[in-house]
Amino acid sequence: MSPLQFRSIVESHRDRVYSYVLHMLRDPAVSSDVTQDVFVRLWEHRADMEEDRILSWLLRVARNACIDQVRKRKVRQSVENDEVSGVDVLRDEGPSPERSTQSVLFRERLQQALDRLGEPHRSIVVLREIQGYKYEEIAETLRLPLNTVKVYLHRARKALRDDLGEVHRHDYA
Amino acid sequence: MTMHDSSKPDFPKGNPDRVWADDRLEAWLDGELGDTDAERFASLLSSDDWLQSETDRARLISAEFDAMADAKCPDEVTKAVMAHVRRDWLFALPRRLAEGFSRMTSAGLRPALAVFLLLVVVISSIQIVRGPGAASSEDAEVAQALQDVKMALAVLADASQTTGTTVGDGVIGPYVVRPMAKGMNSVIEN
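Those sequence lines, one after another, are chains L and P. Each residue of the first sequence is one higher than the last, beginning at 1 in this note's numbering. Each residue of the second sequence is one higher than the last, beginning at 1 in this note's numbering.
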């Protein structure tokens, strides 16, 4: 594979990989670094790669990198007893005038509830609910049986709903 | 977070209909319930405020997820990746050339190809070192290098004609391919 061919692969998949990482880590700078590392690893493994499985391979490597990052972040937090950096990243453009305070608050709580989901539930929610992947693609990416993906998604959505119950009652009743 | 937090005070464990509906709410929203279950769910929804509240919240969550559009990957990521790729590719080029050369089955073509590659390497190296705006006084060096390569080609051709054989692998490897790879590496590193 020539650098030119590789570049077209990077351009085809970079947004999807970056988005996934950003939703998992919520830190643009770290997400850029992780995405870069993922594609460098793809270049190093290009000889073993089947073209139609590149995206699921990329997402799988990205997920493992995210898990590593979250682990490191937890260690740093326990040492520094500080807040997670970039926790507000996905609303970095700030609330638009049209968006109500309630809506912004609801999204923040949803992000926090998503953060509290364990793996692989969180990845499944991000891949399915936010990025719109098919169940089959998620199953291949996470190397889980199809039915397991469906069951985990169902549980995760219900858990999010339960977690958001309180804010919803307070703000939307 | 636990997946089934039945310890929550509002969990509908005391009401079988609510437990049933709570377990099927997302499937109902996705239109994945069968006709009978969908009818039962709709009937419960119309008469149960708790279920309506849960359904509203589930809809809000879905709407928020829909609004979280895919982010655009910064161009710097692609630039950094491709810089790594180009560097890696260039460093591996001499090795790949040498490997490809050694795999050639037609031994008779090897001397000619070796000289051709040597010619390319010499010219490329000089051009890279000189740069596009170099002084014309260095043209003499290029001419001399070309002359050397031509002489090498002539000697090889003459040796083949005189002896009736081609130049063997044992000569090409150490005297042509390795110096060529070394030269390219030197140019790339400098």
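A few of these clues could be false.
[Stated by the list, open to error] Quick partial rundown of chain P residues pointing at chain L, CB under 7 Å, derived from the structure: (1) W28; (2) T55; (3) R57; (4) E64; (5) D70; (6) K72; (7) D75; (8) A80; (9) W89; (10) L90; (11) L93; (12) L97; (13) I123.
Read the hints as simulated data drawn from the structure, not as lab findings. Ideal placement from N, C-alpha and C gives every residue a C-beta, glycine not left out.
Contradicted hints - numbers only
1, 2, 7, 10, 11, 12 and 13
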